[in-house]
Each structure stands twice: as structure tokens, then as C-alpha cells.
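**Q** Model the placement of chain B on the given structure of chain A, informed by the hints.
Quick note, the sequences are listed as chains A and B, same order.
Heads up, the first sequence is in my numbering, so the first residue is 1 and it goes up one at a time.
Heads up, the second sequence is in my numbering, so the first residue is 1 and it goes up one at a time.
The hints are simulated quantities; they were obtained by calculation from the structure and are not laboratory data.
Misleading hints may appear alongside valid ones.
No copy is singled out in the list; a pair is fine if it fits within one copy or between any two copies.
To be verified - Within a straight-line C-alpha distance of at most 30 Å, the following computed DSSO-like cross-link-like pairs (lysine-lysine) qualify:
(1) 107 with 415
(2) 143 with 5
(3) 5 with 415
(4) 293 with 13
(5) 313 with 298
(6) 28 with 415
(7) 195 with 182
2 protein chains.
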Amino acid sequence: MIDVKDLFEKDFKKKEVTISGWIRNHRKQKEFGFIDFNDGTYFKNLQIVYDNELSNFDEIQKLHIGSAITVTGLITESVGSGQDIEMQLKSYVLEGDCPEDYPIQPKRHTREFLREQAYLRMRTNLFGAVFRVRSVAAYAIHKFFQDNGYVYFHSPIITAADAEGAGEMFQVTTLDLDRVAKNGEVDYSKDFFGKKASLTVSGQLQAETFALAYKKTYTFGPTFRAENSNTKTHACEFWMIEPEIAFCDLNEDMEIMESMLKFVVNFVLEKCPKEMDFFDKFVEKGLLDRLHKLVKRKVTRIDHKDVIDILKKAPVKWEFEPVYGGDIAREHEKYITEYFDGPVFIKNWPKDIKAFYMKQNDDGKTVAAVDLEVPGAGELMGGSQREENYDKLLNRIKELGMKPEDFDWYLNLRKFGGCAHSGFGMGFERLLIYLTGVDNIRDVIPFPRTPGNCDY
Amino acid sequence: MIDVKDLFEKDFKKKEVTISGWIRNHRKQKEFGFIDFNDGTYFKNLQIVYDNELSNFDEIQKLHIGSAITVTGLITESVGSGQDIEMQLKSYVLEGDCPEDYPIQPKRHTREFLREQAYLRMRTNLFGAVFRVRSVAAYAIHKFFQDNGYVYFHSPIITAADAEGAGEMFQVTTLDLDRVAKNGEVDYSKDFFGKKASLTVSGQLQAETFALAYKKTYTFGPTFRAENSNTKTHACEFWMIEPEIAFCDLNEDMEIMESMLKFVVNFVLEKCPKEMDFFDKFVEKGLLDRLHKLVKRKVTRIDHKDVIDILKKAPVKWEFEPVYGGDIAREHEKYITEYFDGPVFIKNWPKDIKAFYMKQNDDGKTVAAVDLEVPGAGELMGGSQREENYDKLLNRIKELGMKPEDFDWYLNLRKFGGCAHSGFGMGFERLLIYLTGVDNIRDVIPFPRTPGNCDY
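So here's chain A without its partners, still in its complex pose:
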């Protein structure tokens, strides 16, 4: 089976080919007609030309937009501008008709309308491009890590642990809720796992077990937050990449974060040039410039406290006042990436606003954590060196009121050949927002799950 992609990328001129795909548009004139044909393998349509010398001309003119057809014809150099090849139709077979009330017509549809037609929206230019980039970027991530000797690890999805020690989790159960209501009590000994279970919020703790065996590991899987927030950047089901590396400190961690990001950006630019041009023209002007700049330059590295210095000196009236011991708000992220004209690693954060497993620095106040802030998408990755000292980790767990017995095996990793190790997490959809300029997370997930929405 020949793909339209092959026709554009290899030399098929003067050859007769048979291909299958769908009619994106159909312009009819008295003596000839043009079909915009797309089989989903290539961003551009193939123009198919036919004229009234074909005996079934009238029948062809009745072909509907959206129909599936198999066509045979000669590939020729296009006479029109803007495309180098077209097909001179010889014959066709109608594989599947499409009625005229087909929702995806060759006109501009709003993203809101298309969100309601999620099962068809990948047939449009915009979403066709978004979900191809999603696929290619996912592969780029695997390729980067596999080429560099990382072991891909499937972290468990159902878990009885809570990695972050916080966060709203979805409960997973086989208890009959109607019976729970009737009986007036919840008996977890009768649940599938004999105890309360939830959907994972992170695979990091488990990934550390692999890092301390294989030296280099990464996860790439779905994670879940039952957060009841309806913003452009929140989905309750999203995919995360979580690499973890032994014998690696925070500086080396940042090197890996930076190399991975640059590799993925280059790979997508190379494999999806048409899609990226489209985003640059119709979604975010300047997107390509921004990405090319990232790839060429070294990412700035700066301590959290020095960021606060800059923010405090900035001639800006902040909504949230910058504080040395505090978090960095969205407005600060934006300012600091503009200040340095590109992505910024902010490192050595106040320990009280970061997770329990992060390595405590000698100052007693900060942890060896880093966030990568990027223009447009905000915080793209977060990483840290992990606390490798058994006693310090145990104390921190106690300090935060968590139960040490819940972290038995995690603490043991520090006892049995534990060593300096670091890792990071990247929300895959954040990356896609950064890569495409599409700013709503609902538009980079095929079938997004948000509060009240669980269609398909």
C-alpha cells in the first residue's frame, strides 16, 4: 500500500499509482474537477484532477466530502503553484460514502466546536498536525533515552502509595458502591487488593528502584490528579516522562534535561516540517524562531534566591510579591524567561515548598531541586537530586508527619548500595503546548479527561 507521504517524498512522477484515503474538499467545474485527497500520512493534501473525458465524469462529480475512496491515476508535476505533484485520475472505487451533514467541512471550525467532535477532529489540518507531533515527540523521547542506554520502565498505575504525600487521587475499587451504601460500611478487606488503592500521581519513587539497578532509567506513562480545576493547563489524566539516574548530581541532571529537550525539538522539527510551519503561521507567530533559539543556546542556570533578587529589583507591580522562601508565580516565570530571553533553570529552592525526597543542601534551608521555565509554557520540567542519606530522609519524613513504615522499601534503597542519584519529570502535554503553540491542554490530548468530562 502506497502512502501519500511516499508520493511527496520519493519520486513517483510519471508513474501510475493506486492509493486510498479521504476527500477533504471537492471543487467541481463544468468540464473538470479537483479533489483534495488526504490519507492521513502526510500533512498536505494531494490534488487529484479529473475531466469530462472520463466516461463516469457525472458520477465522480457527485462524490461527497469526507468519503473514503481508492483512486488510480498518473502522478504528474503540478501546473498550479504551491504544490509540486498532482494526480491525473483514471479510475476510482468508493470505499465509504459520507452524508452532507458531515460535521467536518472545508472551512474554519472553532476549536471549541471541534472539541465536541473529538472523534473526528484529527481529520482537520490543526488537529491532524497536533496529534502527529504528539506521536513523533513521544517516539523522540524513547529514541533519546534508548540511544543513551536507559532502561524503559513501566511504573505501576494502580498503587497503594502516595508519591507526593499530597495531591488529590482517584480511588480504584471493585467494591459495589450500591452495596456499600446499603450495608452502611466500607470493608476494604473485601476490595480487590484487600486495601485502599488509587491511581498513581508519579512513578518516580518506583523509578528509583530501577536507577539503583540499571544506573539509567525512564518511565513514560499516564499519571492522574483528581484536581477539580478547569484551567487551560489542567487535565486529570496526562502522560509523564520521569528519568532517574544513579551517580548523578543536580548539575548532571540539568545537562540531561537540556540534552533531552534539544534532541526532541530537533527531531520534531526534522520529522514534521510541514506541521511546524503550519503552527508557526496559524497558531503562534514566531514559534519556529523560539524553538531554533532554544536548540542553539545553552540554557541559563540561576539560583532561586538570585531570581528573587532580580524580581525584587524589577520595575514591575507584582500581583504576588516575590519572597526568598516562597514559590515563583506564573507572572514571575514569565518575567524571568523574558529577562534572560529564553529558557531558565531555577535551582536550589527553599526546602519548605518542595517535596520530602529532595536532597537537603548544606545551608539547611534549600534543596537541590531545579525547575525549567520556558517562554510560553511556564514550568516544563522539574527535577532534583534525591536525598541519599538514610537518616536525613527518615527525619524529613517524620518532620512532615508522614509515616516511615509507608516508605520502608524507599528508605531501604538508601541502605543497600544507595548512592547520589537524580531525576526529573516532564509533563508530556506541557511539552506539546511548548512545541505547537496550542495553548489549551484539551487540544493536545486525543480524548481529554477534565472535571465532568469523560467522553469516548
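**A** Here is chain B on its own, set in the frame of chain A:
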């Protein structure tokens, strides 16, 4: 950072290198000692030799098994047999000690014991090899589909649909179960999605939306069955690969199934030769022969009814009598793969024992479905052409007592440029059992979930 893999695969002889890893074994003699060193990047240990000319000889001799160390030394040709290089130690740094009660000692541990040490078991030869093959096989699957122009699609994990129209599902909820018990009623309007939601059992129906836009798509993600069975082949959380192809009939589907399997087997044989040798020697004698045979030969294709013919004629006393309209039992699978001395595609199954979405053949009795049976692992893949006829699909849904309104969008795919399309599903763990000879699914999943077990 240099990997041990590099030392074995590139030329480092007579060079001084610094590497980090763990002590797998330590044999001490009066005037010298040997450390089996492994950093997780390579199956084989690197032997490190030291003698009492080193000023800290006594200190080195105290190094514990399991400890993390960084060593500097000269790479030389090994004088001993069985390995081509070793390291002459110059200096070391102890990165992380390991007490003598470390559970992973250099001796034979049972798989049952190691299952209870799941967070450490990847440090052994067997599980180190299993989970590296898992990683490499996952990558091979992505590589096969990406190189062939497929779009990788993340099917939703939380779903309000039930793809199989059957099967035990896990419920996902944010309702407070204690409150449900107290209130005596379940109010799904207050649940996170405003309705009952579950974990997906298959991404196929959603994958069809992508196939009818991109022509070629595949999913690779976790799926769930809340089946209360404690067998060697059941886990309730497992990863599935579900490709779906438009303009593709059952014959082409089988071609793709066969090409993919052969590609993955070849890739793993090429990238993990040491691991595969180990499985062949210590897990399943004849494994390599079996895999090489698969790669070389065309897979047999035979209709379900002809399989029943063969089974009926077989000089065997069956536990389950073979029936023309019935399923193929495990003993039949075994017989038929032995009969043909290799994998077998069994096609055109009785429609009553197969899923509603499978294409009804003209005989009115069978559907265009296929199972791939392989020696050792039984049913490795199952596929079918999908029913593309709107009315036939609708009738089948009604016949089976399912609600057409639950399949609105799925039926619409047949209306809007629907066309012949096919796909298949492969359980990733089944593939790993086939590739490694390890016969218990609990031993090919890092942290398996089975009834009553949800540790880590």
C-alpha cells in the same frame, strides 16, 4: 560518564577509566582480590582485580557485596577464560555501603523469594535480563510502527465506555466511600466525571477513530481487568499494543501481525544477545531455536473449522471436546502449534464466541477474526477486520442486548467515510513470556498487580 557496556563493546584496552556501579560479588584472597562489578548497563560483570601492592589493600578487602563504588583503573585483556577484559584497580571511592544482611547475595535465590524483594530483584542476572528485554522490546514495537508511518495514539485510561461489552472492570471514583456508606446512597452526579467511570480494558474502539483519520495508528498503554484469578498468565494491570489500519482486510492484517512479531524478535536478538543466551541456557532450553525458526518461516494460516477437523482426527483423549462452533482450549492450542511445528494463525471464527465489532462473513456464521497461537505462550495476538457496515453493526449491538446510544460515535465512524479496516491486540507481557521463556506473568512485570497484591 562511561558505561560498562562501552568497555565491553568499544576498545578501551590499556586505557585508564573511571566508572561507577555496584559490587555483585567479592572474592578475597590473601594477596589479592576480585570484585564482580556491574553498573546495570550490561549483562556481564566487569571483573576488577586488585592486589596488596595497593596501600589501602586491607580497606578494599572490607568492601561489602551490594555497595555502590566508583573505581579508577586500567582496562586490560583478561588472563582468565570467559571474559575478554578486566580492570586493574588503582583507586576507589565508596559511594554507598551495604550491610551484610543485604537480601541479594551471590547465590541462587528462588523466584518466589525474589518476588517478595521486587524492589531489588532487577539487580539479579535473571530479572536484570528480563527487564532489559522488556525495555528493548517496547522500543522495538515503537520503532516498527514509527518506521512504517503509524501514528502513536494514547488511548484514554479512565473511560465511561466498556469496549468488550463484558469483563470485570475497576471503578474509578472520587466519592468518599465512608460518606457513601453513611448517607446510604450513591450519587454519581457528585462523582468527578458526573457519572460512573472505570479503567479501560482496551483502546481499540478509540483507536479506530485514529485509523480513520491517519490510516495507520497504534496504541501502547496500560489496560486493566479486575478478574479474580490467580494463574500464571493473569495480571490485572498489563500493557497492550493495539494497531488499527484503514483500507486493510484480514489477510493484510495477518501480514502486519507477522511482520511486527518478526521485527521485534530480531531486534531483541540483536540488541540483547547476552540476555537471550542466558534465557536459552538457564530458563528454557531451545528458546533461541524456537525464535530463530519463527523469524525464518512463514506463519501457517488455517480456518477455525479446519483446526477442529484436525483436532477431531487427532489420536488424543481431550479434556474439552473440540466443537465447530466453539472455542479452542489451551490443550488444543498446544496440539495445533505442535502439529504445524510453529506459530499458527487460526482465522474465521464462529461469530457467537467473538466480539460484536468483528466483520460478519458472508456465511452468516463466522467473523473475520484471527488469533495467533504460538508454541509455549498460547494465544499471543488476536485481531479482526471490523464490521464497517452501519446496519450490520447496529443489528449486532441490538442482538447482544447492548445499548446503541452507548455506541453513537462508534457507529458514526461507519457513516462518515467509514471503510474496510482491521486491527489487532497483543498483550505485551504475553510477548515477554514468549521472548524470555519466563512463564509467570508476575516475573515479567516490575511491580505486578494481582488479586490481593498492590505493593510498591
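**Q** All hints are to be evaluated individually against the structure, with a verdict given for each.
**A** We went through each hint and held it up to the structure:
no. : hint         : result
1   : 107 with 415 : between (63 Å within a copy, 20 Å between copies)
2   : 143 with 5   : both (22 Å within a copy, 18 Å between copies)
3   : 5 with 415   : between (54 Å within a copy, 26 Å between copies)
4   : 293 with 13  : neither (37 Å within a copy, 41 Å between copies)
5   : 313 with 298 : within (25 Å within a copy, 72 Å between copies)
6   : 28 with 415  : between (75 Å within a copy, 23 Å between copies)
7   : 195 with 182 : both (20 Å within a copy, 19 Å between copies)
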